[in-house]
Each structure stands twice: as C-alpha cells, then as structure tokens.
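Q: Chain by chain, the residues:
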Amino acid sequence: MEFKLFDLSIVEYAFFVTSVLIILIGLYAALVKKTLIKIVIGLSILDAGINLLLISIGYLKAGTAPIFSPALVKNMPLTLENIKKLSEGMVDPVPQALVLTAIVIGFGVTAVALSLVIRLYRHHHTLNIDEIKNLKW
Amino acid sequence: MNSILEITGLILLLIGGTFLFLGGLGIFRMPDTYNRLQAGTKATTLGGMSVILGVGFLEPGWMIKALVLVIFIAFSNPISSHALARANYKRGKYPYLKGGEEYDKYREVVTNQKTKEEAQ
Amino acid sequence: MVGSPVLFIAIPLLAAFLIPLLGFVWKESVRILPGLVLLYLLYLSLTLMEQVVHTGTIVEVIAGWAPPWGINLVFSPLTGLLTTLMILMGFIIWIYSYRFKNIDFQEAVKYFILLLMLITGSVGIVLTGDIFNQFVFIEITSISAYALTAFYKGRDSAEASFKYLMIGSLSSMFLLLAIALIYSQLGTLNMADIAAKAHLMKPEFKILALIFFITGLGIEAEIFPLNGWAPDAYAQAPGPIGAAFSGIVVKAGVYAMIRVMFTLFDVAGTHQFLIVIGIITLIIAEMSAVRQEHLKRMLAYSSIGQMGLVIVAFGIGTEEGVFAALFLMLNHAIIKSLLFLSGSYLVYHSTGKYISEVDGIARNLPITSFLFALGSIAIVGMPPFAGFWSKWSMLTAAAHSNLILIIGLVLSVSLIELVYYFRVLNRIYFFPKKKEVVVKKPTINALLAMGLLGLLILIIGFYPDSVTGYLHAASQSLLDKGKYIHDVLSTGQLLLP
Amino acid sequence: MKKILVLSLLAVFGVYLAEVLFKIDFGHQFFLNGVKDFYLTASPDKLKVANVVTSIVVNFRGFDTLGEVTVLFLATTAMSSILYKGRHKLGERAVLFSSSRIVMTGSKLLFPAIILLGVYVFVHGHLTPGGGFQGGVIIATGFLLMLLSYQDYQVSHVVLSVVESLAGITFASIGLIGLLNGGTFLHNFLHTGVLNNLLSGGVIPIIYIAVGFKVGAELTGLIYTALNEKD
Amino acid sequence: MTGAAVYSVVQRDLLYAVIGTGVISLILSILFLFLQAPDVALTEAAIGVALTTIIFIITIRNTVRYEEDSNRHSKPASK
Chain A
1 MEFKLFDLSI VEYAFFVTSV LIILIGLYAA LVKKTLIKIV IGLSILDAGI NLLLISIGYL
61 KAGTAPIFSP ALVKNMPLTL ENIKKLSEGM VDPVPQALVL TAIVIGFGVT AVALSLVIRL
121 YRHHHTLNID EIKNLKW
Chain B
138 MNSILEITGL ILLLIGGTFL FLGGLGIFRM PDTYNRLQAG TKATTLGGMS VILGVGFLEP
198 GWMIKALVLV IFIAFSNPIS SHALARANYK RGKYPYLKGG EEYDKYREVV TNQKTKEEAQ
Chain C
258 MVGSPVLFIA IPLLAAFLIP LLGFVWKESV RILPGLVLLY LLYLSLTLME QVVHTGTIVE
318 VIAGWAPPWG INLVFSPLTG LLTTLMILMG FIIWIYSYRF KNIDFQEAVK YFILLLMLIT
378 GSVGIVLTGD IFNQFVFIEI TSISAYALTA FYKGRDSAEA SFKYLMIGSL SSMFLLLAIA
438 LIYSQLGTLN MADIAAKAHL MKPEFKILAL IFFITGLGIE AEIFPLNGWA PDAYAQAPGP
498 IGAAFSGIVV KAGVYAMIRV MFTLFDVAGT HQFLIVIGII TLIIAEMSAV RQEHLKRMLA
558 YSSIGQMGLV IVAFGIGTEE GVFAALFLML NHAIIKSLLF LSGSYLVYHS TGKYISEVDG
618 IARNLPITSF LFALGSIAIV GMPPFAGFWS KWSMLTAAAH SNLILIIGLV LSVSLIELVY
678 YFRVLNRIYF FPKKKEVVVK KPTINALLAM GLLGLLILII GFYPDSVTGY LHAASQSLLD
738 KGKYIHDVLS TGQLLLP
Chain D
755 MKKILVLSLL AVFGVYLAEV LFKIDFGHQF FLNGVKDFYL TASPDKLKVA NVVTSIVVNF
815 RGFDTLGEVT VLFLATTAMS SILYKGRHKL GERAVLFSSS RIVMTGSKLL FPAIILLGVY
875 VFVHGHLTPG GGFQGGVIIA TGFLLMLLSY QDYQVSHVVL SVVESLAGIT FASIGLIGLL
935 NGGTFLHNFL HTGVLNNLLS GGVIPIIYIA VGFKVGAELT GLIYTALNEK D
Chain E
986 MTGAAVYSVV QRDLLYAVIG TGVISLILSI LFLFLQAPDV ALTEAAIGVA LTTIIFIITI
1046 RNTVRYEEDS NRHSKPASK
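Chain order of the listed sequences is A, B, C, D and E.
Residues in the first sequence are numbered consecutively from 1, following our numbering.
Residues in the second sequence are numbered consecutively from 138, following our numbering.
Residues in the third sequence are numbered consecutively from 258, following our numbering.
Residues in the fourth sequence are numbered consecutively from 755, following our numbering.
Residues in the fifth sequence are numbered consecutively from 986, following our numbering.
What the hints contain is simulated information worked out from the structure, not anything from laboratory work.
In silico BS3-like links for lysine-lysine, alpha-carbon gap of 30 Å or less:
1) K179/B / K230/B
2) K756/D / K33/A
3) K738/C / K463/C
4) K74/A / K84/A
5) K463/C / K777/D
6) K757/D / K34/A
7) K230/B / K251/B
8) K459/C / K777/D
9) K84/A / K459/C
10) K459/C / K61/A
11) K84/A / K800/D
12) K34/A / K756/D
13) K862/D / K230/B
14) K84/A / K777/D
15) K85/A / K777/D
16) K179/B / K227/B
17) K738/C / K459/C
18) K800/D / K74/A
19) K227/B / K251/B
20) K61/A / K84/A
21) K34/A / K410/C
22) K463/C / K61/A
23) K85/A / K800/D
24) K61/A / K85/A
25) K691/C / K410/C
Remember, it's a predicted structure, so these values are computed and weren't measured experimentally.
Generate coordinates for the entire structure from the input sequences, incorporating the hints supplied.
A: This is the structure we're talking about:
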C-alpha cells in the first residue's frame, strides 16, 4: 500500500521534527523549571527525544526488523548470498543496540537523581530550587 | 482465504473491534469514574479477548500464545479495575445518582449488614 | 605475555561484583580487596608501559572482531601513561581512605565499590577506542561521582551532587547527540575508523558534532562555562574524593576532549579555540581562587585554573606544547591530590572549612602542615620541586612558538597562585592558634599516603628525567594521528569461533 | 527574563539542529560502507543468532553491555548509599490503605505467570525480540506487583545481592574464560549450533540469561529501596 | 507525543505530569514498533512506562504533589 501522503517531504521528516521538538521541550524544562521533580522529568523527556532521533536515523524505508525469524528464512538454504539479500531489506540494527543501552543508562541516572531529590526534600522540606541555596549556584 | 478457520478469525476480529470501539466510546461518554470503569473493563475484556483469539485463528501457530494471553487478560483486567474502583472509593468519591449528587450506597449496605449482625 | 589491557576493566568489575558477596563472609575483606586489585593493576600497568615504550602500541580486540566492527582498547604510550597515573592515584587514595572516618560496614561496602568504579570508569574512558563505549564509561564514572559527592549526610552534599548530576546528564545527552550525528554520516563508531573517514563528513555535521563533543566532554574537563559544578562538588565531597576528582576524573575528561579534537576531526582553528578557552578558564578560576574563604573551594578553583593551563598548553599544538601539557597533568594530579588530602586534615573538624581556621595549626599537625607546604610550593612552581619543571617546559614551548602573551600569562598566574597559597601558609605557620579549634591527628595510613605523594613530588623534582622519557613517547603518540589509525585498523584478521 | 533568553537560545539551537538533520535523507542509508552490513551478515552466518540486535548487544559490542550492567549496579548502590540513614534498618513502606483480598489473590496468581514470562523473554533473547534487559525488567515488575499488593511482603536483601553478584561474576568470568580460551575478552568459545535453535549462539544465551538475572535483581532491589523510603 | 511532552512540562500537578511522561514513553514505544525496532519498543515499554513512572510516583509520595506546594515554607517535617 502506498499512501500519497507520505510523498510529501515534510511528513517524511516528521520523526526528526518530533524528536527535535521533544529535545527542545526537555531542555526547556531542565533549564527553566524551578521544581526539582520537573527538572528530572525534563531530563527524561530529553532522553526520549534523543532515543527517537537515533532510531529514526537507523530506519530504512520499507525495511524489516533485523531478525532472521523462522518465517523469514523458511524456504531458503542459509548461504551467504541469501543472507546478504535478506539483510539488504533490514533496518540498521546498530542504533537499536545503542538505544537499548542508552535507555537503561538513562533509567539509572533518573533513579539516582530522584533519590537525590528525596534527600534534598528531607533536608530542606521544599522542592523549589530557589530556596535550596546554601551553596552558590 | 475461505477456510473455516480464517472466517472464524475474521468474525472474531470484527466482534473485538466493535466492542473495543464501544468501550472507548463509553469511557468518553460516561458521567463518572465507576461507569467509565465499567465500560472500559467489560467491553475491552471481551473485545481484547476476541481480537487475540481471532489472531490465533488466523495464524494457527500462535494459538497457544493467544490462549495464554486470553487467560492473562481474564485475570488481570478485572483485578486492575477492581483496584481502581476501590482506590477511588477510598478517596471519597462516590457514584452519581440520577440527579447528579453523589451517594454512598455501599456504606449503607455495609452498615445495614452490621446492624443485622448485631441484632442477631 | 604479562597480561592484556582488558584486565584493567575486567578485574575491577569482577572485584566490584565480588565485594558484596565477600562482605557476608569476612567484613574486613571489603576494605582490603580494592587495594589488592589496584596494586595488581599498578604492577600490570607499569610492566605494560615498559613494554609499550619499546615495542609500540598494544591494541586489544574484544570478542574477537577486528576494530572497525568490534570494540577495541588501545594501550599506547599516551593512554598507558594516563592509566598508570590514574591507578597510582587510585591506589594512594585507597591507602588514605582505608580506615576512613568511622563509617559502618554497609557504608564501607558502598564507598569502596563506588571508589573502585570511579577509577575503573576513568581508566576505561582513556583506554577505549570506541566513542559509544567511551560514553558508557563516562556514565559509569559520573554515576559513581554523583553518589560519592553525596556521601556525607550532614553537609549540603546532596545539593552539590544534584547540581553536578543536572549538568552531567545534560552533557551526556549532548554526547549522545554527537554520536548520533557521527553515526548518521559515517556508519561507524570506532575512533580510528572515524578519523580515517572524517573527510567524508559534511562540514555542518562535523562542526555540530564537534560542538556537542566539546560541550559534553567539557563538563568532566572543567572548561570555563561548564565548571559550575566543580567547586561545590569538591568542597562537599569527602576529602579523598576531592583528590580523586582532580587527580583522576578530570584527567580522563581532558584526555577524551583532546582525543576528539586532535584525532577524530581536524577542523581548522581548534588550537586557537583551545588557547582562548584555556586562557578564559585560567583567568576566571585564578581570580575566584584569590577571593575564596573556604580552603577546599580555593583548592578547587586552583584545580580548574591548572586545567586551563593544561588546555592552553595543548593548544600550542607543537610536540613541546603537548609534552608540557602532559607534564602539567602529571604534576597536577600528584600535587593537587596531596593538597586535598592534607588540606582535609587541616580543616578536619570545622564545618565551614574556612581558611581562617587553620591559624597556627602547624604546632599540632607538624607533618601534615609540612606536606601541605611542600605541595603549595611545588604547585606554584618553585625551582627544585616537580611543578617547576612542568611550568618551565611550558614556557619553553610557548617561547619556541613565539607566543609571548602566554609566557606573560603563565608568569602572572604563578604570581597569583603564590599569593593565595602563601596566604594559607602564613596562617598555618605564623598566626597564633585559636583556642576552640580541635585538631585531628592523621591516621597511619593517611600519613603513609601523603608521604608517598610527597616522595613522588621530590623524586620528580630532583630527577625529572625519570618521567620525561615516557612523556616524550606519549606526546609523540598523541600527535602522530596516522600511526594511531594504522595501529588500530591493521590489527589482525577476524578471529572467528 | 531568563525564560525569554532560554527560549530564544533554544529556538536558535533547534532550528540549527533541524536544519542539519534535514540533510539526512530519511529512510535511506546515508553512508557507504558502515559496520552494519557486516553485523547483518555475520550474525546469522557466523554466530548463528537470529536476532541481530542481540548479537550486537551481547557479542559485537558486548563490552558496552558489561558497562551497562555496571551502570545499573552502580545506580542501585548509589541509590541505597544516598538514601542510607544509619545503622537502623529500613523505614516503613508507604501505604494509604491495605489492598483488598481480590487484589492479593489475583496478584498471587499472576506473579508466577509474570516471572515465567520474564524468563521466557530472556531465554529466547537470541531468537525473538527481547532479551536480558527486557526479561529482567518484567521480573522486576512482577516483584513490584507483589510489593504493592502485600503490605508485609519482604524481599530478602541478602538473596538479592547474592543473585546480583553471582550473575555479574558469571558475565565477567565468561569474558575472562574467553580471554584464556580464544585470546580475546568475551570470545565466543562454545559451539554455535544451528540458526533459530534454542541452543544456538554459543555463549550469547548464557550471557543474556546472566544479564536477565542481574537486571531483575538490581531493579527489584532499586524499587524495594525506594518503596521503603518513608521515615 | 509533543502534546504529551508539553502537557507534562506545563502541568502543575506533578502526579499528572508524571503520567504525561508515561504517555510519552508509550507513544515512543509504538513509534519504535513502526520504525521496525521491536527490541527497543519492548525495553521502552517496560522501563519507560512502568519503572520510570513508578519511581517518579514513589518520589512524589515522599515529597509533595503540587508544584505550588514547593513554595510554602511552613510545611512541617515529614516525620
């Protein structure tokens, strides 16, 4: 099925535009917002945007997932030529592996950040960044 | 295309789609949380089950996984909606009556039961 | 075969996973095991270093796939030198914190795991030859750094740590963006491969990726607009961790940045950019250091200023400049660690860590004060000690490149450093002691650690030839980009199962 | 004032970034001889692993995964170090009201199914989508369900850290065995078998199972530490 | 997805904002599925939707729920 809509170039770049927008929103939240939890939310939004960007860089139009599933290799002997032919229609697996790592790392950083938020709240009884100013910012 | 399995599967998909649509509509249109939960649970339980079963009929290799999924939905969906309703009740939100005011019928029933027990 | 570079990562990881298990069996082992690991790695790195200087770079392939495809570790004279330095500093910091305050068992487990991982992550940043792997190691380093900054519950450490975390995670996002841009253009993540193919990139991508890299790595390297975290983190972290930051983490950050700038891309104007940004960092940091009332904050700003000096030296770009920069890094790691370690005993019991609280403390803590004085004199650049030779080599490098401005700058900066370090020394030795200040005698292991550092300063000061050979080899290996690419990409065939 | 400054800076940054990104032809490969072609052919051909992402994560770039597992391990350690309150034990779990019997029974019934699903996902990591991380996360959500529905459900800290350490040691020592056996760290020293068999891929499934156990234990510990954080 | 992101940044009730980030992750994982990345979609669904949201909610439970609350100084110790 070919949708006419997808021939417009701006729709093709929708993934890039979305990811850039989300990166910007995350940066805005991380830089401007005054509540600690909002800042952490901003960081995790930023993370999501970058992950989307990476995956859409690796996308191949009309490509399949990079898995040689039984259905895919059903009626072929697994010679090198066949594998090469199949692999030409697959999307790039490297960004997927990178994003897999990046998601987990981002989660770890978020967990550490939130535990720091709890510590700060226990100390100052506020989440406002303007009132936590024992050190020079 | 016209084997009996595929026709059954397609019919099941159709039923599932209809019920899912109705459930979504119910969530959108119902007045309070309890009614919405009712629409969202009952309709989507049936809808989701029949969609999954339909997929199982269309691709016979996936039938076992589909059955497992159906059992999983049969367990998890009612339990989760029960938990949601209970949390809502404990927060002090009661069902609407026709006129629009809230009324706690459940507490009445419970207190009635308690008085009965005490009477006995 | 003595061992392979991958052991620098694998053995500490194994030990870190083993520590919680051993803790159930024998509690003391939690404190001992990291030291044994670091001692072994020190031996390994020294032997490998000796081998590398004579026979050339070792490229270690992981999982049997040759470099463009697999991840590789590069143990060249440069990375070997930094690895040795970091592990040496890590070992000394371990000695210092072996009987670290009165922390209980649970806290000791976490402290030593995090310390070990801080060192491992920094070593990984230096050794790896793959940008995404470098990102992973940077995350390992930074997460341990956040946790160690917030280690003390009583101070405002959580605030400093949160600040560090915010800036740090923003920077790692920028790194990831840079990696995405490079991958979208070249389809490879290996540094040598990128360097070989860099001319294929469109210039916009190259410049944007370079900007992202500088922002991302500049955090660890404490470059000027991005070093807001550093003074707070240094001041709030435990004493040995401050030493570890300035001796280990910052070195790794500077290395990563220099590697990106010197090897990955050759965009015109990077050297000038380095000089300008280094000078700005230097001037602002030294000016702030003069005004500080807190001892640790003063040391932190001094540390930032020294890194600015290192970056200026790298920016000179000639072999002499790089040699001077590496020499400065080496000396700074040793001397600044000594200053942090001894300084934290000088203000052990005071909450504010004010400079005014060290008045006349030399009578109670003669050895610590002496070592602090030794470090101060050395870092200012007084002739017979270690700091002198590095500043001297920097001056000659600048003179040979006809950069008169830099000579004047270095001299005036040394003057400023002289002012603020001698202000502290004056208070330590010649002011009457305040009554209420309680002093804490350093423990044996702390004295041992500080003594080792002082000994190193004296050795480098009186026999600078003992390290200059390695430094020359290292600076040559940094500047020879073609050899790096060749060494990595020509490593063997595919080793298949 | 600060808001406007940041917004305008962000706008400039975003426009520049978007302009550069629009030079990428979406949906087409931009570079000529990248590393991905090699991965796509070598994974089914040499390693006999159907899921190429798995073979990249575990074998070609297995070192990253070792680092990643370490990051999670560090996050758990860091979290418990930051929230550590002294010699006394953990605080009470924060609950508003106890769960009803239906939820308790239901989660007791669902718990084994969720654990089984997690194990399935990471055992089949080299054949189907999913693997150690996903399976580990699913196991952790199973424990989360139990922790949320039973107020007095305890996860033994000792068991968690033992599982975590053993899994990590397994990963690192498989790498070291590879170093002794084949000359490189994480060398695939086992027979690789036939494509799309459960027992294929040499050490890859073993490593992914270890990763699954480790991630599951770590995330459970992390949630447990966070949930019991009420003073 | 952008809408959800804006919502979770603008929303002053932190609990709702966190649910907004969960929605972002959900849409993100569906997009990953469209972009032929089932592995990543699975991870994002598990980590982004379930675990991150839970950790955020636990934090909110231990601190305050509304953004306005953070300005109040008179709030007693949480003990």
